Every structure is written in C-alpha cells, then in structure tokens.
Amino acid sequence: MNPELINIFNSIVANATPLVIASIGETITERAGVVNLSLDGSLILSAMVGFVAAFVSGSAIIGIIAAMIVGGLIALIIAIGGIELRQDQVAIGFVLTLLTADLATFLGQNYTRIPGPQILRSPIPILADIPVAGPIFFNQTALVYLSYALIFGLWYWLFRTRPGLALRAIGERPETAFARGANVNRLRYLYTIIGGALVGLAGAAYSLSVKPGWATPPSMAGDGWIALAIVIFGGWHPFRVVLGAYLFAGLRALSTAIQRTPEIEISVVLLNGIPWVLMIITLLLVSSGAIERLLTVLPRPLQKWTRNFLRSDPPAALGTRFKQK
Amino acid sequence: MGLVMNIELKHIHKRFGAVHANNDINLTFATGRIVGILGENGAGKSTLMKILSGFQSMDSGEIWLDGKPVSYNGPQAAIAHGIGMLQQDPLDVGAFTVLENFIYGQPGNLSPKRKVAQQQLEKLSQRFGFELDPDMPVSQLSIGQRQQLEIVRLLALGVRTLILDEPTTGISTEQKTLLFDALRELAAKDSMTVLLVSHKLEDVIALCHEVAVLRAGRIVGSMDMPATTTELVTLMFGQELAAQPRQPINANSDDAVLALHKVQLRNKRMKIDNISLRVRAGEIIGLAGLDGSGQEMLLRACVGLEKCSRGQIDIAGRDMTGKSYREFLQTGVAFGAAGRLEEGLVAGLTLTEHIALVTSHQSFIDWNSARQHTEDQIKHYNVRGRPESRIETLSGGNQQRVLMALMPQEPVLMALEQPTRGLDVDSARWIWQQLIERRKGGTAIIFSSPDLDELVTYSDRIIVFCGGWVQEVADMENLTLDELGRMIGGEGVIQ
Amino acid sequence: MRTRSMVFGLTILPILASLLITAVLIMLVGADPRAVFEKVWEGAFRDLRSFSQVINFWIPLTLVSMGLIVTFTAGLWNIGVEGQMGMGAVFATWGALTLQLPPLILIPVEILLAMLGGGLWAALVGILKTRLKVHEIFGGVALNALANIASIYLISGPWQPAEGGSVRATPPFPADALLPPMSPDFGVSLLALVIVGVVIVSVIVALRGTRWGLQLKATGKNARSALLLGVPTGRSAMSAFIVCGMVAGIAGGYRVLFTYGSLRPLVSGGIGFLGLLVVLLVSIRALWVPLVTFIFAAILGGSTRLKVALQLDASLAGVLQGFLVLAVLFSNGLRERWRETNPAHLSETDIKTPESLKADR
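Protein chains in written order, with the working numbering: chain A, 1 to 325; chain B, 1001 to 1495; chain C, 2001 to 2361.
Rather than coming from a laboratory, the hints here were simulated on the basis of the structure.
Computed from a prediction, not measured in an experiment: that's the story for all the values here.
Please note that the accuracy of each hint is not assured.
Claimed, not checked - Derived SDA-like pairs (lysine to any residue); straight-line CA-CA distance at most 20 Å:
hint: 1; chain 1: A; residue 1: Lys211; chain 2: A; residue 2: Lys323
hint: 2; chain 1: B; residue 1: Lys1115; chain 2: A; residue 2: Trp157
hint: 3; chain 1: C; residue 1: Lys2307; chain 2: A; residue 2: Tyr145
hint: 4; chain 1: C; residue 1: Lys2133; chain 2: A; residue 2: Lys323
hint: 5; chain 1: A; residue 1: Lys323; chain 2: C; residue 2: Gly2075
hint: 6; chain 1: C; residue 1: Lys2133; chain 2: B; residue 2: Ser1324
hint: 7; chain 1: C; residue 1: Lys2133; chain 2: A; residue 2: Arg121
hint: 8; chain 1: B; residue 1: Lys1271; chain 2: B; residue 2: Arg1300
hint: 9; chain 1: A; residue 1: Lys304; chain 2: B; residue 2: Leu1141
hint: 10; chain 1: B; residue 1: Lys1307; chain 2: C; residue 2: Leu2227
hint: 11; chain 1: A; residue 1: Lys304; chain 2: B; residue 2: Leu1099
hint: 12; chain 1: A; residue 1: Lys211; chain 2: A; residue 2: Tyr145
hint: 13; chain 1: B; residue 1: Lys1176; chain 2: B; residue 2: Gln1088
hint: 14; chain 1: A; residue 1: Lys323; chain 2: C; residue 2: Arg2335
hint: 15; chain 1: A; residue 1: Lys304; chain 2: B; residue 2: Glu1454
hint: 16; chain 1: B; residue 1: Lys1200; chain 2: B; residue 2: Thr1234
hint: 17; chain 1: B; residue 1: Lys1323; chain 2: C; residue 2: Arg2224
hint: 18; chain 1: C; residue 1: Lys2221; chain 2: B; residue 2: Glu1342
hint: 19; chain 1: B; residue 1: Lys1271; chain 2: B; residue 2: Ser1142
hint: 20; chain 1: A; residue 1: Lys304; chain 2: B; residue 2: Gln1088
hint: 21; chain 1: A; residue 1: Lys323; chain 2: A; residue 2: Tyr145
As the list claims (entries may be wrong) - Derived contacts from chain C toward chain A, CB cut-off under 7 Å, selection only:
hint: 22; residue: Leu2132
hint: 23; residue: Val2134
hint: 24; residue: Ala2145
hint: 25; residue: Leu2146
hint: 26; residue: Ile2152
hint: 27; residue: Val2188
hint: 28; residue: Gly2197
hint: 29; residue: Ile2284
hint: 30; residue: Ala2309
hint: 31; residue: Asp2313
hint: 32; residue: Ser2315
hint: 33; residue: Leu2316
hint: 34; residue: Val2325
hint: 35; residue: Leu2329
hint: 36; residue: Gly2333
Where a beta carbon is used, it is the ideal one built from N, C-alpha and C, also for glycine.
Starting from the given sequences, assemble the full structure and let the hints guide the process.
Shown next, in the form of structure tokens:
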C-alpha cells in the first residue's frame, strides 16, 4: 500500500481518538439512562485543565488525571441534579455546556498559545510490523491503544458480563433492575461519573496529543456535539459508535485534502460546514429507520448476531428518573 | 429445611394517604397448596402480595416463614427467602433476549456461563411444555410467553412460593391451560405454595384448593374449595350481583357508518390482510384477541391514526382512505386510547384548559365561559374534581369520565381501546351506561378489551384477532366465554 | 414562619452561592474579587453611556428570551436561536447594503428582512424536527454553525469591503440604513424599545389568552395526547419555531443595524444562548423575563471593561451567569424535595396517587 495513504489512515485513527473516547464515555452514561449533554463544554474545560496541569507539573500523566477528574466532576453535577434533585438532565447539561466553556476561557487565559508537554507515539514492537494494519493502528500514542481497549472492553462488559446486564437494565427498565437487586440510582451515579471521566480523558487527548496546547477560541469547540450525534448514529453500541467516529474523522481528512488541492475551486470557509451537514445526514439515516430496515431483510440466523449492532432505539429509560421505594 | 414452607402474615397494615389498602391482615399459607386471593379491583390483594414479595413495604405487621419472623428490603431479598412474584406485566427487559433475561439476577461470577444457563432454561421449559427461544428478544414475546419465562426464571432461583398477579389477563386459553397444569404440578410434585391473585372466579374455581377473600382492605372470609360461584360472589361483594341483561341490537338503518373494504394493516411485527367490515349506526362491535394481535391497529386505522397499506375505509359513506386523524375527527369520529394520561389527557393542564382546548373555536379564549362549561360538564359526568384541578390529580375513574366529557356529544363512531382498563367495578359500569346512552342516539361503537366477559356482555358482534387473521364470531346467541377464549387462542380458525 | 424563611432562603441562596463561587475563581486567577465586582458595577451604571450599553444588550436579550418562552412552552429546545439571530443579521445586512430606499421605508424593510431570515432558519430546524425526526438540539447546533459559516463566507467574499478587504466585517452601513439613537448621550434606539414592548405584551397575551397559546402548552406537555384531542401538534411546533425565529431575527438585525453598523462573524455574541439560560432561570414564566434579562445585560455590559481595566477575560460574565442558573436549578430541586418530605405544605392539587395504588386499581 502507498505509504502516503498509510500516513493518511494513521492520522485519521489518531485524530478520531478523542471522538472515540468521548463517545464511548457518553455511550456508557446513556446506557445507564442518563444524558450528559455537556460534552462540548466538558471537552473544552478538561482539555484546558489537562494542558495546564501537564504544563505546570511537567507530566502528561498528571494532565490526563486532572482532566479525568474534571470530566468526572461535571458528570457528578449532572448526576446530582438529575437523579437526586430530579431536574431536567438536558437543562443542567446545557447550562454546563456554556458554563464550562466560559470557565475554560476564563481560568485558562494566562496559558494560551504556549508549548507544553505532549504524548508521543510509542509503536508496539511486533504489531507495528504487520503490513498495512501495523503502521496504521499500532504506530500511535498510548491513548489510541487505550481507546482500542475501551471499545472492546465496553462491548465485553455490556454483552458478556453480569454487571453489564445490570448496566443495560437500569437504562432500559429500572423497575426490573431494582426487582433483581440492583441499586439503580447508585449505579447511575457510578456510570455517569465513569462516562464523564472518559469525556475528560478525551479532552486531554486533544490538548496533549491531537491539537496540542490551549487557545481561545478552543480548537475542539463543536466536537462535543459531534460526539453526541455519533452516539445516536452508533445506536449505543460500542462498535458502531467507533465506526461513526472513524467515518467522521475520515471525511474530515478528505475535506482537508480537498482544501489542499488547487484544482478544485471551492471556498475554504464553506468546507468548514461539511462536518455539520454530515452530522445532520447521519442523524437522518438513523431517524428514517434505514438502518433498522436493514435488520429485517437479513436472513434469520444473521439477525441474531446483528440485532444489538443494528438497533436504533435509545435506551428506553433514557433521561427519566427512577424513584426507589 | 428447604422443602417445607409455611407462611404466616400477622396484623399487616398498609395505607396510601387516606386509603387503608391493607387493614389488619392475618393469613396462613401451607406448603403444597394453591390458594386463591380473591377480591374486586382495589380490594388490596395486589398490595398484600407485593408486601409479601418485597415489592412494597408495610406500615406495620410481621411476616413469619416456617415459624421465624423475617424482614426483607426488596424483591431480591424475598427471593432469597424463597418467595417470588410474577407481576401482571412481567418485570423483564424488552431489549434483552430470553436467555439474558433468564440469566439477569442470578448470582454468579463476572461472566455468566451462557451454555449452562441455556441448558437449564431449556430443561425447565421442556418440563412444562413452554416454548421459549433463547435468542428471541423479549419485546417480541406475547404476555403469556413472558409469564412463562418469568416462572422458569423464578424456579431456577429456587423459589418455593410462587405468587401470580392476575396471570390470565391477556393470554390465550391454550397458554392458560399450560400455565394451570404447570402450577398444579409444582404444588403436587414439588410441594410448592402457589398464591393466585385474581378477580376472576372461573380461574379460582378451576385451580385453587382454598381461597381468601379481601374486600376494602380486610379479609372478609376464607374457605376450602370447591365452593360455588354464588358463595364466592357473595363474599367478594357482600351481596349477589344481578347479571347484566344483554342489550338487543339497536341498529335502526342499514347504512354503514363505518365500512372497511379489504383493508390490509401492517406494522413491524405483523400483517393482517383482507379485513372487511360494515358497522351500522347504533351497533357495538367488540374486538377480541391477545395483547397485540392487531385489535389496536384496526381501532386506530378506523380513526386515521394508522395507515392502511391496502384497501379502503369509508366513514358515513365518505372515502377516508389515507386521510389524517384530524380529517377523521371532522367526520364525527371519536377515539379513546387505553393509556389515558399517555394518550388522551395532558398532565399539567387543568380541567378547564382541557375543555377549552376542544370547545373553543375562536382565536381568543373566553375563559369565563370555558370555566362555566367545565362546571356543567363536571356536574353532568359526575366528576370528582374542580375546574382548576390538574388532570393528573384525579383518579383513573374520574379521568375516564373527563375523557368522555371531551368527546363530541353525538359522534358517528367511537373507537375505544379497553374503555374500562384499570377502573373499579362501579366506574366501569357507569362508563358502559354512558356508552349505551350514546348508541341509542345512533352512535356506533367499536372497542377492544382483554376482558372476555365485557366483550360478551356488551357487543352486538365480536371480531376475533389471532395470529394475523381476523374472524367474526358467527353464532353470537350461543357464544360462551370458553368458546371465545379458544378462538382467541387460535382454535377454529378457518384458513 | 419556617415555610416562608425556607422559601426565601432557597431564593437568596443560589445568588449568594454563585457570587461566592465566582469570587473564589477570580482569586484563583490572582485578581481581587471586590475590585472586579466594582468594575462590573461601574461598567454598567457609571454614566449614561455605560447604561445605554446595558440597554443595548437588554434589547436583543429580551427579544430572544421572549421568543424562547414560546418554544419552551411548546416543549422545544430551540438551541438554534443563535443561528436564527445570525441569519436575521445576514438578511438585514443584505437590505442595508443593497437597497436604496428612503429611511422611513428602508428601516421597516430591514426589520422585516431580519424576521424573514430568522424565521426561515428556524423553519429548517422545525422541518428537521417535525418531518424528519431529527432532535431540535442537533438540528439547532448544526444550523448555528452553518449560519456562522455563511456569514463568514459573505464577509470574506461577496460583501468584502472594497479597499484591502478584511475578514473581520463588512463595510459600514450607510447612515440611512441604521436605526437612529434617541440622543447622542443616550445611544439607544427608541424604535427597538417599542418593538421589545410590543413583543413582550404580545407573547404574554398570546400564551395566556389565545387558542394558539393553549395548543402550544398542550403540545409542550404531552404532544401525543394533544394530537388525539385534535391539536395540530406538528403545526403548533412549527409555528412556535417560526415565531421564535422571527423574534430572534429582529434581535440579530438589531445587532447589525444599531450595535455594530456592519456584519461581523458571530454577530449574536452568545446572546441567544444567554436567552436560553434566562428562560431556564425563570422556569418559562414570561413576566419575569424583562427583569432577569436586565440583570444579565448589566453583568454583560459591565464586564466588557474587565479586559482593559484588570486584564481579565470577559468570559467571567458567562461564568457568573452560568453558576447562577445552575444554582437556581439546584435550589428548585431542593425545594421540590423539601416539599415532598414535608407533605403538610402540599396544596391539595399537588397530591398524587401513589404509584403502587394506581397499579392495584
């Protein structure tokens, strides 16, 4: 394969990683029945905190930990407001979206446009030598490898373990989960915070790796909304979510390539609109039922294996409250 | 000793606000017996069983198992004590497969052994003749199958006492036979205790060894079976009930109010072909069938909420095929959905606002006259509530009355989904009086119900839905409940 | 009385809490909170000029908030309001730059164009929502971005200033195309004030006294039931979007026709999002809007000088406002919980049938 093409794919995987991590985090949260709408702001604030913490301490690891704490705290606020105080999760999430973005700008005002620590590539010895796939997937940063682990780990957790059954049940029908011994609200807290911490990790992945440094306006603004849309496009299934994230990153790479091609006369400004048009198209794909229809035309034995992958319904209890007796 | 189990309930009290749902209940259940817990809707029998199975806490009282007092803080703990309850709407997860549902809640290590669980599931299903495909999503099962799944699940958890809440609502006669056989075997061979909560005398008579009867939160009597229907009815209601006289057909002209010509209906799960039906003014048509056999689809198609994929629908002689719900409304049809607060009433709006919503046709609302009108309607329909009460604060029966008040006065056709769902006997009877009043004015009524009694009592004609087929009951004069039950279950379908 | 002091406390508490948190954050970046709050106060109320700046924030903020009252009543999250302001500004700009009319006609035409632009952009969100089942939050976010991209494209392309060219703004509008200020000292447009008054009154009257308003309310609370009761819910939602979009369009038009006198990127300046915060803060009670928008406008206007005076980023205003709304939402939750555990204070209509009892009947 053309080395240039391999480079492109390598960078697509790298650039998609924050989106992957953030949407996996949101998938966990929403599977538990809670909506964390604050992603766009959470990513920005955790990116800023992650960068500043790494800059001050000189250690990227500390930056990552700080970013995850920030993401987890934001999620905790949503959990308290939505579960304990029974307020609209969307409303709290939206307020936090704006608040955290402004907080990042305000608190990070003395740290803009300075160089800081970065997470470097660390190729995996044997795997990186596999032809084509090696250089694309295994010549990356540790965060990228972590994202692979998250993808498969979440799939295994959701569909192959007992606690995973509980996680799905509290988002689908909490009454049943309660009857089978789950502490619904405590689990919702737990998964909301875990999901939020992953969003924080995604923020650090921006400011320490993909778009290193901190600036206002932040370079990752808007990606939180894209990640939220990817979760819907992904049907709350880790594999499909990842597919969506890579698809997005791929099409972005394509539009950058078009911008660099002098033969194509198109305004650079207008190309910036592509991700947003794409977002609407992917959501239309889901809402039109096209993906679910695919399920019905498949032969029966295949249906069994693809049912979880192709479903489009959100967790039935998403955004609702559960009152434990 | 796990094999024997005696349950004693001592002085159990439970209040909901002003309602004393359980008032000093004392009961003993012996092992190996099938006991009917009988009582009309709202008598407190479900509450009592929910307390016993850990779904509800009691205000005071004690539960003794095998001579020792126990207390538990949830259904899981009750199961650990060997008491499991099958809810009327089985508590499962629709998005799970049968096998996942079976596994979820079982103790064990992180990753469940699917093969072992599947063998256990198949073995238990085979024993009782249940047909459960382990890979089928639960959302695609019938209520009867979901009950079967819940029963084998509870048995696998080692339950010694099985409580069933109104298990025969919405299941076929075939499934009912299967269920009753299973329960008899469990009581006889495994000496399990089976508690059957029901308001249906025929179920209790067919199955139980003894009954305990509740009325208004108290135990008013218990007796060994067999007992006669009259004895049980007297206990349940404190008096004998006169049978409702069958209403004669009142159709006064031959013109069809509603006519379906070779209609085809389809959704994600099923397709029903070739429905043809003529309904005359003043006729009452009952739609019988298991939950989700297509009755609701047909009702909704009659008012434009569901599109026919083929065929033609006429209302009062006008072709309405493909028209919207609002256009149907203008021809004088009325629709009442089963879930009142989900489809019909708007929680958060007051009674006056509801009335204004359907009666005011000017751009600006005259709130004084809307309020006046609401007060008139409250009086006329005997609603317990005030014009400024929010609708969700009313009881189910009063909500249903408001829904009636919101319907047009003299509709050509009323399509009603389970018009008496969740109502107490009084309210249900009142609703039917109202409906019969309206049919006298020429309104045709088409309704669905899971209650065979209701169908046989009020319908002039009955359409049976089963497995994608519809069939009209030919001989209404001699129709018995049993026969109707068999038809619903799929026997006697002409193909 | 315990009840009253409790309610009072739960109203005051969020304000104090958000001020306190903000003060801590100011100290975190090494500034003196007292100096900051003083500067903000001065920035808003020092003289007529600073006060007029507050009013110039208040006008568009009140407009969008009243528009959002309409969409929230219909149960819709019109996050797209930013883009609707932006499109209103773009359409008004087209009028200001190309139409040659006497001011008496030109200005009304510009305002109508602004309404058209905002209404169209809102209609897109509405079609996505009602016809194509794409949630209005996502439709709105995407259309916000697209509206901004469209205006940047216009500024850097077709409407580029003749000399040199910049991506920062279109050429200044001709004087006839601008709204006139009331006086040189008090730079506020009288016409805009009148429009705000008309919008406030019409929205309140429409929601309380008209069939349309009642239908919106029913749609917002339970669209399915409303449909079955004969409410054209799709049309209701659509009309709510369009009305809000038109009002937001005026707000966007005001930004270009008065505040800036030209079109620039992100012309809405976050005012649309701020409107959403306002409506959340007042729990969709229209009467409170003008007061709360005034406080928000004062914070916004007052903090514009922070950068110059104290080298602090003006995003502090957003931080304070965000914490305020968050604290209010939390105190609402506390109040509800407190009422639940003290049932003696329940009014009769608040009592609901316990779930379990419903199941039994």
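Structure-based check of all given hints:
1. Proximity of Lys211 (chain A) to Lys323 (chain A) is assessed by CA-CA distance (about 43 Å); at most 20 Å being required, the pair is judged violated.
2. Of the supplied pair hints, the one linking Lys1115 (chain B) and Trp157 (chain A) holds, its CA atoms being roughly 18 Å apart against a limit of 20 Å.
3. Taking the CA atoms of Lys2307 (chain C) and Tyr145 (chain A), the gap is near 42 Å; set against the 20 Å cutoff, the hint is violated.
4. With a CA separation close to 30 Å, the supplied pair Lys2133 (chain C) and Lys323 (chain A) exceeds the 20 Å bound.
5. Distance check on the hinted pair: Lys323 (chain A) and Gly2075 (chain C) sit about 24 Å apart at the alpha-carbon level, beyond 20 Å; violated.
6. Restraint check: the Cα-Cα separation between Lys2133 (chain C) and Ser1324 (chain B) comes to about 19 Å, which is no more than 20 Å; the hinted pair holds.
7. A threshold of 20 Å between alpha carbons decides the hint, and for Lys2133 (chain C) with Arg121 (chain A) the separation of about 42 Å lies outside it, so the pair is violated.
8. Distance check on the hinted pair: Lys1271 (chain B) and Arg1300 (chain B) sit about 15 Å apart at the alpha-carbon level, within 20 Å; holds.
9. Only pairs whose Cα atoms come within 20 Å are accepted, and Lys304 (chain A) paired with Leu1141 (chain B) is accepted, the gap being roughly 15 Å.
10. Distance restraint check for Lys1307 (chain B) and Leu2227 (chain C): the Cα-Cα separation of roughly 16 Å lies within the 20 Å cut-off, and the hinted pair is therefore satisfied.
11. A threshold of 20 Å between alpha carbons decides the hint, and for Lys304 (chain A) with Leu1099 (chain B) the separation of about 12 Å falls inside it, so the pair holds.
12. Between Lys211 (chain A) and Tyr145 (chain A) the alpha-carbon distance is near 18 Å, which keeps this suggested pair within the 20 Å criterion.
13. With a C-alpha separation of about 14 Å, the suggested pairing of Lys1176 (chain B) with Gln1088 (chain B) holds against the 20 Å cut-off.
14. Distance hint between Lys323 (chain A) and Arg2335 (chain C) is fulfilled; the C-alpha atoms sit about 17 Å from each other, no more than 20 Å.
15. Taking the CA atoms of Lys304 (chain A) and Glu1454 (chain B), the gap is about 40 Å. The hint is violated against a cut of 20 Å.
16. Under the criterion of a C-alpha separation no larger than 20 Å, the hint pairing Lys1200 (chain B) with Thr1234 (chain B) is consistent with the structure, at around 14 Å.
17. Between Lys1323 (chain B) and Arg2224 (chain C), the direct Cα distance comes to roughly 18 Å. Compliance with the 20 Å bound is thereby established for this hinted pair.
18. Restraint check for Lys2221 (chain C) and Glu1342 (chain B): satisfied, since their Cα atoms lie roughly 11 Å apart, inside the 20 Å limit.
19. Proximity of Lys1271 (chain B) to Ser1142 (chain B) is assessed by CA-CA distance (about 16 Å); at most 20 Å being required, the pair is judged to hold.
20. Straight-line distance between C-alpha atoms of Lys304 (chain A) and Gln1088 (chain B) comes to about 28 Å, which puts the hinted pair past the 20 Å bound.
21. Distance check on the hinted pair: Lys323 (chain A) and Tyr145 (chain A) sit about 39 Å apart at the alpha-carbon level, beyond 20 Å; violated.
22. Of the supplied interface hints, the one on Leu2132 (chain C) holds, with its beta-carbon coming within about 6 Å of a beta-carbon of chain A, less than 7 Å.
23. For Val2134 (chain C), the shortest C-beta to C-beta distance to chain A is roughly 5 Å, which falls under 7 Å, so the interface hint holds.
24. A least Cβ separation of about 5 Å between Ala2145 (chain C) and chain A falls short of the 7 Å threshold, and the interface hint therefore holds.
25. Using the Cβ-Cβ criterion of 7 Å, the hint placing Leu2146 (chain C) at the interface with chain A is satisfied: the shortest such distance is roughly 5 Å.
26. Because the closest C-beta pair between Ile2152 (chain C) and chain A is about 5 Å apart, less than 7 Å, the hint holds.
27. For Val2188 (chain C), the interface hint is violated, since its Cβ never comes within 7 Å of a Cβ in chain A; the closest pair sits about 27 Å apart.
28. Hint status for Gly2197 (chain C) relative to chain A: violated, with the closest Cβ pair at about 28 Å, above 7 Å.
29. For Ile2284 (chain C), the shortest C-beta to C-beta distance to chain A is roughly 11 Å, which exceeds 7 Å, and the interface hint is violated.
30. Look at Ala2309 (chain C): its Cβ only gets to about 15 Å from chain A, farther than 7 Å, so that hint breaks.
31. Given the 7 Å rule on beta carbons, the hint for Asp2313 (chain C) holds: about 4 Å separates it from the nearest Cβ of chain A.
32. The beta carbon of Ser2315 (chain C) comes within 4 Å of a beta carbon in chain A, closer than 7 Å, and the hint placing it at the interface holds.
33. A least Cβ separation of about 5 Å between Leu2316 (chain C) and chain A falls short of the 7 Å threshold, and the interface hint therefore holds.
34. Hint on Val2325 (chain C) holds. Least Cβ distance to chain A is approximately 5 Å, under the 7 Å limit.
35. For Leu2329 (chain C), the suggested interface contact is upheld, since its CB lies about 5 Å from the closest CB of chain A, less than 7 Å.
36. Interface hint at Gly2333 (chain C): satisfied, since its Cβ lies 2 Å from the closest Cβ of chain A, which is below the 7 Å cut-off.
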